[in-house]
Amino acid sequence: MQIVSILNKHNLKNKAKNSICCWILFFALYFLYISSVYENREDLLSLLIKLNALVSAILVIVTIIMSMFIVKPINKLIQSTRIIAGGNFSERVMFKSKDEIGLLAENFNLMAVDVEDKVNQLKRSSEDKQRFIDNLVHELRTPLTSIIGYADYLRTNKYDEETYINSLSFIYEEGKRLEKLTFKLMELIVLRKEDFELKTGKLDELFVEIKHSFIPKLNIKNIDLEISTENLSVFMDKDLMKILLANLIDNAIKASKNNDKIVLSSYRDTESNIILEVKDTGIGIPDDDITKVFEPFFMSDKSRSRVNGGGLGLGLSLCKEIANIHDAEIRIESKLGEGTTIQLVFND
306 MQIVSILNKH
316 NLKNKAKNSI
326 CCWILFFALY
336 FLYISSVYEN
346 REDLLSLLIK
356 LNALVSAILV
366 IVTIIMSMFI
376 VKPINKLIQS
386 TRIIAGGNFS
396 ERVMFKSKDE
406 IGLLAENFNL
416 MAVDVEDKVN
426 QLKRSSEDKQ
436 RFIDNLVHEL
446 RTPLTSIIGY
456 ADYLRTNKYD
466 EETYINSLSF
476 IYEEGKRLEK
486 LTFKLMELIV
496 LRKEDFELKT
506 GKLDELFVEI
516 KHSFIPKLNI
526 KNIDLEISTE
536 NLSVFMDKDL
546 MKILLANLID
556 NAIKASKNND
566 KIVLSSYRDT
576 ESNIILEVKD
586 TGIGIPDDDI
596 TKVFEPFFMS
606 DKSRSRVNGG
616 GLGLGLSLCK
626 EIANIHDAEI
636 RIESKLGEGT
646 TIQLVFND
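Per the numbering used here, numbering through the sequence shown is continuous, rising by one, with the last residue being 653.
Hints listed in this document are in silico derivations from the structure and should not be mistaken for laboratory results. This one's a predicted model, so the numbers in the text were calculated from it and none came from an experiment. Don't take every hint at face value.
Unchecked claim - For lysine to aspartate or glutamate, the following EDC-like pairs were computed, each having C-alpha atoms within a straight-line distance of at most 16 Å:
(1) K481 <-> D529
(2) K507 <-> E405
(3) K481 <-> D509
(4) K543 <-> E626
(5) K543 <-> E484
(6) K516 <-> E531
(7) K543 <-> D632
(8) K597 <-> E626
(9) K543 <-> E510
(10) K377 <-> E405
(11) K543 <-> D509
(12) K381 <-> E411
(13) K481 <-> E514
(14) K522 <-> D457
(15) K562 <-> E643
(16) K562 <-> D529
(17) K516 <-> E484
(18) K584 <-> E626
(19) K566 <-> E531
(20) K584 <-> E638
(21) K566 <-> E643
(22) K526 <-> D565
(23) K504 <-> D632
(24) K640 <-> D574
(25) K423 <-> E466
(26) K507 <-> D542
Said to hold, decoys possible - Restraint-style ranges between C-beta atoms, simulated for each label pair:
(27) K355 <-> M399: 37 to 47 Å
(28) Y469 <-> V568: 57 to 67 Å
(29) D509 <-> Y464: 21 to 31 Å
(30) T386 <-> V365: 29 to 39 Å
Positions of the beta carbon are idealized from the N, C-alpha and C atoms, including for glycine.
Between the sequences and the hints, there should be enough to build the whole structure, so can you do that?
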């Protein structure tokens, strides 16, 4: 019994020792496991921080790119508005998309087109008004010269009753022509009227009337205006034809020297077209300028001397418009020092 008791005590001590060792081993393994978990936690945290930084950088780059893509058409609109504000009304936004920005760009272009049209209309209106004034001033000179010439003749010379009546009649007729001229030029230039009523008119009667109005101006340089005409008639607006002839004869007088001759004629050519012709023996027009004299306000140095400062380009540009109304063509032949021939061809 005593031996058994000793053995039992010995076993209990061994069990106690074994339990303590187990607990010590357990805690050692636990702490080892926990430390590895903490170490992995730090690695994971470092990895997460790096991933977060990388994702944030990617998001920033993507956001910048997207914002640039979104703002780009808006910047184009801003640039276009600045260009238009600078006076270039033909500027357009070249951007096509189906989103709201594309719709905005489309509406902006429509607005720009409308603004450009309105500005061009204002420019044309301003140019027409200035052109009307210039043409009116240019065309007023011939009848005013006739009126002043006849009035001066009556004032400074002795005359009989017939001369007195005839001179007053010419003054009255030129005054009425001034009135008609103003309305015709307004219709032709300002109102852009093209449906003038053309009536049959005799060219010989027209030539006689236009010669009478130029007598004072012809007498200044002692120029002979010779009329050579067949019994021809054309469809015409008489007042506009007087403006055309007045310009051609006025230019011929300015190009001519004292005691020269100007021939005003009408005839049919070989193709049976009616030709109205004004021919002078003046200084002529340079070859390089012949194709340009119909341009409004064109004047070269030599053509300027031809008209002594007058409006050759302006007058002939108006003649061209009148010729177009009559479905006629203007032809010019000229040589320096020999003279100029201008033909108005009525095509049958």
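The hints, checked one at a time:
Between K481 and D529 the CA atoms are separated by roughly 26 Å; this puts the pair beyond 16 Å, and the hint is violated. Among the hinted pairs, K507 with E405 is inconsistent with the structure: their alpha-carbon atoms are about 69 Å apart, more than 16 Å. Between K481 and D509 the alpha-carbon distance is near 21 Å, which puts this suggested pair outside the 16 Å criterion. For the hint linking K543 to E626, the alpha-carbon distance of about 15 Å falls within 16 Å, and the restraint holds.
Taking the CA atoms of K543 and E484, the gap is about 14 Å. The hint holds against a cut of 16 Å. Between K516 and E531, the direct Cα distance comes to roughly 9 Å. Compliance with the 16 Å bound is thereby established for this hinted pair. This hinted pair checks out: K543 and D632 have alpha carbons roughly 15 Å apart, not beyond 16 Å. Restraint check for K597 and E626: the C-alpha separation of about 15 Å stays at or below 16 Å, so the hint holds.
Taking the CA atoms of K543 and E510, the gap is near 10 Å; set against the 16 Å cutoff, the hint holds. The hinted pair formed by K377 and E405 meets the criterion: a straight-line CA distance of about 13 Å does not exceed 16 Å. Taking the CA atoms of K543 and D509, the gap is near 12 Å; set against the 16 Å cutoff, the hint holds. For the hint linking K381 to E411, the alpha-carbon distance of about 12 Å falls within 16 Å, and the restraint holds.
This hinted pair checks out: K481 and E514 have alpha carbons roughly 13 Å apart, not beyond 16 Å. For the suggested pair K522 and D457, the alpha carbons sit about 12 Å apart, so the restraint of at most 16 Å is met. Distance check on the hinted pair: K562 and E643 sit about 12 Å apart at the alpha-carbon level, within 16 Å; holds. Note on K562 and D529: the hinted pairing holds, with a Cα-Cα distance of about 11 Å set against a maximum of 16 Å.
The hinted pair formed by K516 and E484 fails the criterion: a straight-line CA distance of about 19 Å is larger than 16 Å. Among the hinted pairs, K584 with E626 is inconsistent with the structure: their alpha-carbon atoms are about 21 Å apart, more than 16 Å. Among the hinted pairs, K566 with E531 is consistent with the structure: their alpha-carbon atoms are about 7 Å apart, no more than 16 Å. The hinted pair formed by K584 and E638 meets the criterion: a straight-line CA distance of about 9 Å does not exceed 16 Å.
Taken as a hint, the K566 and E643 pair is honoured in the structure, with Cα atoms around 12 Å apart against an allowance of 16 Å. The straight-line distance between the Cα atoms of K526 and D565 is roughly 8 Å, inside the 16 Å bound, and the hint therefore holds. Distance check on the hinted pair: K504 and D632 sit about 13 Å apart at the alpha-carbon level, within 16 Å; holds. For the hint pairing K640 with D574, the CA-to-CA distance comes to about 22 Å; that exceeds 16 Å, so the pair is violated.
With a C-alpha separation of about 60 Å, the suggested pair K423 and E466 falls outside the 16 Å cut-off, and the hint is violated. Pair hint K507 plus D542 holds up; C-alpha atoms about 11 Å apart against a cutoff of 16 Å. The hinted window of 37 to 47 Å between K355 and M399 holds, with their beta carbons roughly 44 Å apart. Distance hint for Y469 and V568: a CB-CB separation of about 31 Å, inconsistent with the stated range 57 to 67 Å.
Checked against the hint of 21 to 31 Å, the pair D509 and Y464 passes, with Cβ atoms roughly 28 Å apart. Under the hint 29 to 39 Å, the C-beta atoms of T386 and V365, about 31 Å apart, fit the expected range.
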